[in-house]
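Here the structure of chain A is known, so what remains is to put chain B in place on it, guided by the hints.
In order, the protein sequences belong to chains A and B.
Note that this note's numbering gives residue 25 to position 25 of the first sequence, counting from 1, and the numbers run on in steps of one.
Note that this note's numbering gives residue 30 to position 30 of the second sequence, counting from 1, and the numbers run on in steps of one.
No lab work stands behind these hints: they were computed from the structure.
Idealized CB from N, CA, C, for every residue including glycine.
Treat the hints with care, as some may be off.
To be verified - Straight-line Cα separation of at most 16 Å, EDC-like style, residue types lysine to aspartate or glutamate; simulated pairs: (1) B:K37 x A:E100; (2) A:K57 x B:E2; (3) B:K22 x B:E5; (4) B:K106 x A:E59; (5) B:K37 x B:D49; (6) B:K106 x A:D38; (7) B:K71 x B:D27; (8) B:K68 x B:E56; (9) B:K109 x B:E5; (10) B:K58 x B:E79; (11) B:K68 x B:D27; (12) B:K42 x A:D38; (13) B:K106 x B:D17; (14) B:K109 x A:D38; (15) B:K106 x B:E5; (16) B:K37 x B:E83; (17) B:K68 x B:E2; (18) B:K68 x B:D49.
Stated by the list, open to error - What follows is a list of derived Cβ distance ranges for each label pair: (19) A:T54 x B:A70: 33 to 41 Å; (20) A:G56 x B:N3: 16 to 24 Å; (21) B:T78 x A:T9: 29 to 37 Å; (22) A:S80 x B:N67: 44 to 52 Å; (23) A:L41 x B:K58: 29 to 37 Å; (24) A:K57 x B:Q14: 40 to 48 Å.
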Amino acid sequence: IAGITQAPTSQILAAGRRMTLRCTQDMRHNAMYWYRQDLGLGLRLIHYSNTAGTTGKGEVPDGYSVSRANTDDFPLTLASAVPSQTSVYFCASSDARGTEAFFGQGTRLTVV
Amino acid sequence: GENVEQHPSTLSVQEGDSAVIKCTYSDSASNYFPWYKQELGKGPQLIIDIRSNVGEKKDQRIAVTLNKTAKHFSLHITETQPEDSAVYFCAASTPGAGSYQLTFGKGTKLSVIP
Numbered sequence: 001i002a003g004i005t006q007a008p009t010s011q012i013l014a015a016g017r018r019m020t021l022r023c024t025q026d027m028r029h030n031a032m033y034w035y036r037q038d039l040g041l042g043l044r045l046i047h048y049s050n051t052a053g054t055t056g057k058g059e060v061p062d063g064y065s066v067s068r069a070n071t072d073d074f075p076l077t078l079a080s081a082v083p084s085q086t087s088v089y090f091c092a093s094s095d096a097r098g099t100e101a102f103f104g105q106g107t108r109l110t111v112v
Numbered sequence: 001g002e003n004v005e006q007h008p009s010t011l012s013v014q015e016g017d018s019a020v021i022k023c024t025y026s027d028s029a030s031n032y033f034p035w036y037k038q039e040l041g042k043g044p045q046l047i048i049d050i051r052s053n054v055g056e057k058k059d060q061r062i063a064v065t066l067n068k069t070a071k072h073f074s075l076h077i078t079e080t081q082p083e084d085s086a087v088y089f090c091a092a093s094t095p096g097a098g099s100y101q102l103t104f105g106k107g108t109k110l111s112v113i114p
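For reference, chain A alone in the conformation it holds in the complex (with noise of 0.2 Å):
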């Protein structure tokens, strides 16, 4: 089934520990995202890619990290987790002629 793929559902993090929140896409769209939502304040970019090999940040880049080695993957690195990055976490994607952005189903990162 296309779509977007994200793992692992859900994590539980000690503060301080490293962790990679993983997103596939398979419909080969050249631009995938990556936002957090909160309640109250809704989703909030945080890093972008327009195509492989290329990023860039969004409104809510610190504490993370992306990098885009291909064209389906896209994941994202908390380098020394903070209880402040407790959130849920979508990746997304689009084709380069702005039609429909498809988000996979998420993850709950709780960092402890």
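Below, chain B alone, put in the same frame as chain A:
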């Protein structure tokens, strides 16, 4: 950067009534305005979108209107059903080099009372 305001934050309607959610945006360069529905435990899913060269778009029970001059757009759901209960997000997008980064409103929790 773009700023999107969404109202109301919560909305309760009787089944069969209409629901209206309103959003305003700040960047006059924005030209794509999607609406997403998010059910509990799931990712947002596009329900309708509109581009800046169109004033209104309909898809069965849902419609979106856009007023570029006033920089606001609205979602209208008619004949609401219990399965319409969800959180709805508006978004605005300013075209960039090869991608359409979405700025979201904070969401509206819609409850349809049977």
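Status of each hint after checking the structure:
no.: 1; hint: B:K37 x A:E100; in the structure: 13 Å, holds
no.: 2; hint: A:K57 x B:E2; in the structure: 15 Å, holds
no.: 3; hint: B:K22 x B:E5; in the structure: 8 Å, holds
no.: 4; hint: B:K106 x A:E59; in the structure: 14 Å, holds
no.: 5; hint: B:K37 x B:D49; in the structure: 12 Å, holds
no.: 6; hint: B:K106 x A:D38; in the structure: 9 Å, holds
no.: 7; hint: B:K71 x B:D27; in the structure: 8 Å, holds
no.: 8; hint: B:K68 x B:E56; in the structure: 11 Å, holds
no.: 9; hint: B:K109 x B:E5; in the structure: 15 Å, holds
no.: 10; hint: B:K58 x B:E79; in the structure: 14 Å, holds
no.: 11; hint: B:K68 x B:D27; in the structure: 10 Å, holds
no.: 12; hint: B:K42 x A:D38; in the structure: 14 Å, holds
no.: 13; hint: B:K106 x B:D17; in the structure: 24 Å, violated
no.: 14; hint: B:K109 x A:D38; in the structure: 14 Å, holds
no.: 15; hint: B:K106 x B:E5; in the structure: 7 Å, holds
no.: 16; hint: B:K37 x B:E83; in the structure: 11 Å, holds
no.: 17; hint: B:K68 x B:E2; in the structure: 15 Å, holds
no.: 18; hint: B:K68 x B:D49; in the structure: 15 Å, holds
no.: 19; hint: A:T54 x B:A70: 33 to 41 Å; in the structure: 35 Å, holds
no.: 20; hint: A:G56 x B:N3: 16 to 24 Å; in the structure: 19 Å, holds
no.: 21; hint: B:T78 x A:T9: 29 to 37 Å; in the structure: 35 Å, holds
no.: 22; hint: A:S80 x B:N67: 44 to 52 Å; in the structure: 46 Å, holds
no.: 23; hint: A:L41 x B:K58: 29 to 37 Å; in the structure: 31 Å, holds
no.: 24; hint: A:K57 x B:Q14: 40 to 48 Å; in the structure: 45 Å, holds
Taken one by one, the earlier hints fail for this structure only at number 13.
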